[in-house]
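A.B. asks: Chain residues, written in single-letter form:
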Amino acid sequence: MESNKNFVLGVFDDEDVLLHAVTKVKDKGVKIHEVYSPFPVHGLDAALGYKRTRLPIAAFLFGMTGTSLALIMQIWMLGYDWPMIIGGKNHAALPPFIPVTFELTVLLSALGMVATFLIASDLKPYKWPQQFDVRSTDDKHIMAIDLAKNRLTKEDIGALLKDSGAQEVNDKNF
Amino acid sequence: MQVSSTLRESLITGGKTVSDVSEDICRQVEGKPTPLWWMAFGIALTLLGFGAYAMIITLWDGIGMWGLNRTVGWAWDITNFVWWVGIGHAGTLISAILLLFRQKWRMSINRAAEAMTIFAVICAATFPMVHMGRLWLGFYWALPLPNAFGSLWVNFNSPLLWDVFAISTYFTVSLVFWYIGLIPDFAVIRDRAVRAGHNTRALIYNTLSFGWQGGAKTWMRYESVALILAGLSTPLVLSVHTIVSMDFATSVVPGWHTTIFPPYFVAGAIFSGFAMVLTLLLITRKVFRLEDYITIYHVELMNIIIIVTGSIVGIAYITEFFIAWYGQVPAEQYAFINRAFGPYWWAYWSMMTCNVISPQLFWIKKIRTSLVSTFVLSIIVNIGMWFERFVIIVTSLHRDYLPSSWAMFYPTMYDVGVYVMTFGFFFTAFLLFAKFFPVVNMAEIKSILKSSSEKKH
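Protein sequences appear in the order of chains C and A.
Per numbering that gives the first Met the number 0, the very first residue in the first sequence carries number 0; after that it's consecutive.
Per numbering that gives the first Met the number 0, the very first residue in the second sequence carries number 0; after that it's consecutive.
Take these hints with a grain of salt, some might be off.
Claimed, not checked - Sample of chain A residues facing chain C (criterion: CB under 7 angstroms; computed from the structure):
1. Val-17
2. Leu-151
3. Phe-164
4. Ala-165
5. Thr-168
6. Phe-209
7. Gly-210
8. Gln-212
9. Met-219
10. Leu-231
11. Ala-442
Claimed, not checked - Have a look at the derived ranges for each label pair, beta carbon to beta carbon:
12. A:Glu-8 / C:Gly-42: 24 to 30 angstroms
13. C:Gly-164 / A:Ile-363: 48 to 54 angstroms
14. C:Ile-85 / A:Leu-202: 53 to 59 angstroms
Claimed, not checked - Taking lysine-lysine pairs in the DSS-like style, the calculated list, with each CA pair at most 25 angstroms apart, reads:
15. C:Lys-50 / C:Lys-25
16. A:Lys-449 / C:Lys-23
17. A:Lys-103 / C:Lys-4
18. A:Lys-216 / C:Lys-30
19. A:Lys-434 / C:Lys-123
20. C:Lys-171 / C:Lys-123
21. A:Lys-216 / C:Lys-27
22. A:Lys-216 / C:Lys-171
23. C:Lys-161 / A:Lys-434
24. A:Lys-449 / A:Lys-15
25. C:Lys-161 / A:Lys-216
26. A:Lys-216 / C:Lys-25
27. A:Lys-216 / C:Lys-50
In case anyone wonders, no lab produced these hints; they're calculated from the structure.
The structure displayed is predicted, hence computed values, not measured ones.
Glycine is no exception: its CB is placed at the ideal position from the N, C-alpha and C atoms.
Model the full assembly from the supplied sequences, consistent with the hints where possible.
C.D. replies: Structure below.
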């Protein structure tokens with residue numbers, strides 16, 4: 000697979016320096032491919048201009064699916080398919096159905112949201128990621144800039160990164 | 000550059016850098032197991048082996064091998080079930096409820112506590128499944144599947160069925176929550192393996208890490224997922240022990256028929272769970288040299304939770320007794336007098352001593368900040384909580400409305416053996432987890448290092 004993608008990498012040591020650097024680099028009109036960090040850096044998503052994730056909506060919709068399925072299942076099974084009087088209650092008595100409905104709501108919401116997260120973030124067991132720098136899971140923040148998507152030259156971007164506090168500036172080609 | 004707060008006690012000591020965290024936690028995954036680990040693993044496997052024998056006999060000959068009789072139809076099995084489920088609750092409290100309250104101190108202990116939850120729930124689920132008799136048909140009976148009884152469905156009005164849904168949902172959601180937390184840490188081990196040139200290890204941990212890279216967008220989603228899972232797990236964990244308590248509370252057996260059960264069981268669950276977390280973590284921090292991550296401060300905070308929940312449990316015991324007298328129902332009054340002064344008085348007073356008196360010792364700062372006394376008291380609390388369930392279950396059943404069927408319960412070696420098996424499984428699984436998985440959540444520790452770490456001298 001020779002896609003020949005050229006990246007400039009800014010290596011940062013400190014999350015606060017990184018946050019300022021992101022703003023500075025973006026102000027110069029440079030498009031950042033992505034920033035890889037060993038831990039979640041608060042405010043980084045906003046600095047990079049990412050929209051808020053819609054995963055909560057997914058969780059809610061999956062949860063509602065769970066609620067509906069649980070209620071339909073219980074009302075159909077005990078109310079229509081084989082009605083029986085248990086403890087003198089109505090066939091389809093709602094209060095005793097609450098626990099199972101609640102549990103299935105939580106179950107579907109959690110599983111559905113996590114599945115959405117894994118698919119949206121392209122996380123799967125057999126995938127070997129394109130690694131920019133293996134230190135990005137240890138203690139370094141790596142800012143990757145795709146040269147093809149920027150008008151500035153490699154040298155200019157490198158100088159800008161150095162100027163914003165990057166410890167090292169490296170190249171990476173895939 | 001290290002910036003640390005001077006106002007709060009530091010959560011991570013030893014002036015660690017971000018890189019030190021990866022090094023300290025990954026060391027035990029990458030190195031060979033220590034002799035101490037092998038010793039513990041050997042003991043755990045022995046317990047598992049002995050227990051497996053008792054379990055095979057139980058399955059082969061039936062649960063008649065247990066000491067149950069026609070009067071006491073629930074005894075050690077359900078006691079152990081409730082005890083193990085309760086232990087699991089601390090893990091979820093630490094990982095979910097303390098996350099919602101933004102308690103940073105949970106970050107050193109949440110991984111191990113969640114692992115404990117998962118193994119404890121597996122141990123718990125063993126008992127009702129075996130108690131159903133023919134284990135291999137259990138799923139068929141307990142789940143709403145089309146069946147050969149003319150599709151006579153399961154009874155959704157029964158708390159026993161609610162338990163099936165509650166426990167299986169609890170297990171699944173806890174497992175998912177735990178695994179999502181592990182993904183970034185597996186990637187740390189993978190990348191260290193890449194740098195060290197261990198290809199097989201890199202491949203295994205890459206598979207486990209789902210090809211994690213740690214881009215800002217993924218982290219943003221990851222944090223959102225963690226928060227929502229915490230929000231879902233919080234009512235879930237409360238519902239689980241509430242439903243477990245309803246197994247008893249919705250019946251008409253004197254001593255069980257009590258509306259106080261749900262909150263009282265949940266408090267008891269967290270109480271015993273924290274005791275088990277302390278027992279396990281005090282050993283883990285010693286064996287894996289995690290003294291800088293799990294500090295005395297962490298131990299003290301957990302002991303404070305034990306005081307709070309222990310006191311709630313104590314008040315519940317006294318309230319139960321008071322209401323039995325105040326309610327003026329003779330059968331109920333008899334059940335409680337019999338509990339305290341009947342043939343099972345020793346179980347009742349063991350429970351009272353271990354659960355009501357012993358945690359109050361933690362009011363003394365010296366005791367709650369000492370590792371030895373914490374370790375001893377954590378075991379005492381767990382013994383007490385086992386007796387609590389035994390007292391509730393056996394003393395309520397053994398003398399009911401019909402004096403001609405009054406009986407005593409005597410456990411057989413198979414009752415004991417199956418309980419021992421769950422211990423063997425629990426410790427075997429925990430030791431394997433502690434060896435092959437990162438026992439402390441590295442990503443979270445790294446994120447609080449700047450604000451909560453001790454200054455480097």
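A.B. asks: With reference to the structure, classify each hint as holding or not holding.
C.D. replies: Here's how the hints hold up against the structure:
1. Val-17: holds, 4 angstroms
2. Leu-151: holds, 6 angstroms
3. Phe-164: holds, 4 angstroms
4. Ala-165: Result: holds, 5 angstroms to nearest chain C Cβ.
5. Thr-168: Because about 4 angstroms separates A:Thr-168 from the closest Cβ in chain C, which is inside the 7 angstroms limit, the hint holds.
6. Phe-209: A:Phe-209 check passes; min Cβ-Cβ to chain C is 4 angstroms, inside 7 angstroms.
7. Gly-210: The hint holds - A:Gly-210 has a Cβ within 7 angstroms of chain C, the shortest such distance being about 3 angstroms.
8. Gln-212: holds, 5 angstroms
9. Met-219: holds, 4 angstroms
10. Leu-231: Holds - the Cβ of A:Leu-231 comes within 7 angstroms of chain C, reaching about 5 angstroms at its closest.
11. Ala-442: Status holds, d = 4 angstroms.
12. A:Glu-8 / C:Gly-42: 24 to 30 angstroms: The hint (24 to 30 angstroms, Cβ to Cβ) holds, given that A:Glu-8 and C:Gly-42 are roughly 26 angstroms apart.
13. C:Gly-164 / A:Ile-363: 48 to 54 angstroms: holds, 50 angstroms
14. C:Ile-85 / A:Leu-202: 53 to 59 angstroms: holds, 54 angstroms
15. C:Lys-50 / C:Lys-25: With Cα atoms ~16 angstroms apart, C:Lys-50 and C:Lys-25 stay inside 25 angstroms; holds.
16. A:Lys-449 / C:Lys-23: OK: A:Lys-449 and C:Lys-23 at ~23 angstroms, within 25 angstroms.
17. A:Lys-103 / C:Lys-4: violated, 41 angstroms
18. A:Lys-216 / C:Lys-30: The hint holds at about 15 angstroms.
19. A:Lys-434 / C:Lys-123: holds, 24 angstroms
20. C:Lys-171 / C:Lys-123: holds, 24 angstroms
21. A:Lys-216 / C:Lys-27: Judged against 25 angstroms, a Cα distance of about 22 angstroms means the pair holds.
22. A:Lys-216 / C:Lys-171: holds, 21 angstroms
23. C:Lys-161 / A:Lys-434: Answer violated: C:Lys-161 to A:Lys-434 is near 41 angstroms, above 25 angstroms.
24. A:Lys-449 / A:Lys-15: holds, 10 angstroms
25. C:Lys-161 / A:Lys-216: holds, 24 angstroms
26. A:Lys-216 / C:Lys-25: Judged against 25 angstroms, a Cα distance of about 16 angstroms means the pair holds.
27. A:Lys-216 / C:Lys-50: Satisfied, since the Cα-Cα distance of roughly 9 angstroms is no more than 25 angstroms.
In terms of the numbered hints stated before, the structure departs from hints 17, 23, listed from lowest to highest.
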